[in-house]
Amino acid sequence: MSEAIVSLRGVSKSYVRGKQSVEVLQKLDLSISRGDFLALMGPSGSGKTTLLNLIGGLDHPSAGEVVVGGQRIDQLSSGALAQWRSHHVGFVFQFYNLLGVLSAEKNVELPLLLTPLSKAQRARHVATALEIVGLADRAKHKPSELSGGQAQRVAIARALVADPTLLVCDEPTGDLDRKTADEILGLLQTLNRQHGKTIVMVTHDPKAAEYATHQLHMDKGRLIEQSANA
Amino acid sequence: MKYLPLIWAALGRRKPRTILTGLSIAVAFLLYGMLNAVNVAFNNGVEIAGVDRLVTTGRYSITQILPYGHEAQIRSLPGVEQVAASNWFGGYYQDQRNFFPQFAVEQEAYLSMYPEIVLPAEQKQAFFNTRTGVVVAKTLAERFHWKLGDKIPMQAGIWPLKDGGNVWTFDLVGIFDTANPKDRSQYEMMLIRYDYFDEARQFAKGTAGWYVSKIKNANEAGTLAKQIDALFANSPNETRTDTEKAFNQGFIKQLGDIGLIIRSILGAVFFTLLFLTGNTMMQSVRERIPELAVLKTLGYSDPLVLALVLGESLLLTLIAALVGLGLATILLPGMAAHLPGFSGLTITAQAAVAALGIATLLAIVVGLPPALRAMRLDIVTALSGH
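Listed in order, the protein sequences are those of chains A and B.
Position 169 of the first sequence, counted from 1, bears residue number 169 in the working numbering, the numbering being contiguous throughout.
Position 351 of the second sequence, counted from 1, bears residue number 351 in the working numbering, the numbering being contiguous throughout.
Keep in mind that the hints are not guaranteed to be accurate.
[Stated by the list, open to error] A few chain B residues that face chain A, going by a derived Cβ cut-off under 8 Å, partial list only:
1) Lys2
2) Leu298
3) Asp302
[As the list claims (entries may be wrong)] Label-pair restraints from in silico Cβ distances:
4) A:Gly10 with B:Ile319: 28 to 34 Å
5) A:Gly79 with B:Lys2: 55 to 61 Å
6) B:Ala9 with A:Thr115: 57 to 63 Å
7) A:Ala120 with B:Lys182: 47 to 53 Å
8) A:His60 with B:Leu260: 52 to 58 Å
9) A:Thr115 with B:Ile258: 54 to 60 Å
10) B:Gln283 with A:Ser33: 36 to 42 Å
11) A:Val67 with B:Glu287: 16 to 22 Å
For the record, the hints were derived by calculation from the structure and aren't laboratory data.
Using N, Cα and C, we set each Cβ at its ideal position, and we do this for glycine too.
Modelling step: build the complete structure from the supplied sequences, incorporating the hints.
Put into structure tokens, the structure is as follows:
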């Protein structure tokens, strides 16, 4: 069995809404191996995105341990967690979340501004990331000048550019047509297989889940089924 | 510096709004630049006043005339070197808009007391020899295209001629400059001979508006001022003697506290600007909450996000302030051309530094609330659109 890059032990997460406390995740244990491509599935409100946020260091659990890349991130302060995210996690969102005022290359450069790299070094990394996602010729275009698929590729390039340990994708094809979605999923698969990136992807789409190496089904804050794709 | 393109791009998100806000700030600083220059010009007269000169006026008002006999009594005091009677002429040339200061002075004593007034020797002599002669500042001569030998008809504002006429015709015998070109605006005036003025005027003969005294020791100014006033205490023509600086300050105060008026206007302008710019910044951040959440997701720390939003506010305000001050610098010479006595209107380095300080403060005050909001943004909540 390969090394676990993500390990969750007894993780619970609850939110207070009004006077009620809603438990979104309940004493959840999970281990994700380095090089996995995991599809997190389940109905709305099952806790998929909350789990993804905990793995990506965007949120703190109410109880339990979250270890990513050998580091316990549930105990990190907000500042330390921000620094940790910049080094270890790349995020891909359903609606791309690119900055509309910046060109594709400037969007991709954003995570690198947090590093000590020189301008020339940053430019080289950006060019490589755009090359990987097949958008080298769209570097100067603004998000409004790109199609949905192209915008999502830029978002993937942005997630990749700092060479993170983990790629966290929240419904990356939720806003795309079937054909474009297949292209994006194919790209994620390539990143997993050829570049060894560990990917955790939330999706509602069973077809999208087929691109992953493993599937994990959730309901009411619990893991109910885990399976490996052929 | 590497974040500058990001800050600049954020300002370009809503270009019309940014431009309009920038223009509002620029206009405020244009106003600041111009009013400040006027204030400085007013105070220049105070600053250049001689420390060894005293001015004696009527005790209760500068408009209270004093008997000519006062002059000899003032001169009799041991610490007094020279005395010159002076009077406000208050006329105008051709049109009331062509107003500039004109003083009737005892020419020889006056010019020796004001070495900063530089007049060629032969012109000075001509002034001493010509009863109807006048000398004018170089800037005035240039403005009205006067040359030596010209006859200058001055319309009387206060003092008619003894034959009832209102037009005094003077001979231009001298054109003076100042030792320091920066002081030109303070000496933009016409000097008339007191003896001719007193003889030719219809009334108030044998009186003077005020007396200027040159004293031997500037350190004794306070004591001498008291001694002069003591000479005329309990007489029908009591006096008030001040240093020339205090006199100039008092003269300016007669027009009102210019500094206070200017500060009040600018205070109101900047107070309004606070709300306008503050609202724009708040709106700008409100619209960009998802974008700011993405930056934080990528690992931008809370202090960095705060700095980026404050940087936007600072960049916008400083650029607009520089535009405003630049416009003021361009417009001031034109404004000065229409304001006699203000030919040296300029934005001083001190005023420019103060303006940049105000701009920085403004940027912080209006930028801090939205910057704090951005800093405290909860990523999960912001990304979920709540």
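Exercise. Between B:Gln283 and A:Ser33, is the Cβ distance one that fits in 36 to 42 Å?
Worked result: 47 Å Cβ-Cβ, so the 36 to 42 Å window is violated.
Exercise. So does A:Gly79 sit 55 to 61 Å from B:Lys2, Cβ to Cβ?
Worked result: violated (20 Å)
For this session: Just tell me: holds or violated, for the beta carbon distance of B:Ala9 and A:Thr115 against 57 to 63 Å?
Result: violated (20 Å)
Problem set entry | B:Glu287 and A:Val67 - C-beta distance against the hinted 16 to 22 Å | violated (38 Å)
Exercise. At the C-beta level, are A:Thr115 and B:Ile258 separated by a distance inside 54 to 60 Å?
Worked result: holds (56 Å)
Exercise. Was the hint right that B:Lys2 lines chain A, CB cutoff 8 Å?
Worked result: This hint holds: B:Lys2 lies near chain A, its Cβ roughly 6 Å from the closest one there, short of 8 Å.
Exercise. Regarding the hint that B:Asp302 lies at the interface with chain A, is the smallest CB-CB distance below 8 Å?
Worked result: Since chain A brings a Cβ to about 6 Å from B:Asp302, closer than 8 Å, the hint holds.
Exercise. Lying within 28 to 34 Å: is that true of the beta-carbon distance A:Gly10 to B:Ile319?
Worked result: Once the Cβ atoms are compared, 54 Å apart, the range 28 to 34 Å for B:Ile319 and A:Gly10 is violated.
Exercise. If you check the beta carbons of A:Ala120 and B:Lys182, does the distance land in 47 to 53 Å?
Worked result: holds (50 Å)
Problem set entry | Per-residue hint verdict: B:Leu298, partner chain A, C-beta under 8 Å | Holds. Min distance 5 Å.
Exercise. Regarding A:His60 and B:Leu260, is the given constraint of 52 to 58 Å on their beta-carbon distance met?
Worked result: Holds, since A:His60 and B:Leu260 (Cβ atoms, about 56 Å apart) stay within the stated range.
Of the numbered hints listed earlier, those contradicted by the structure are 4, 5, 6, 10 and 11.
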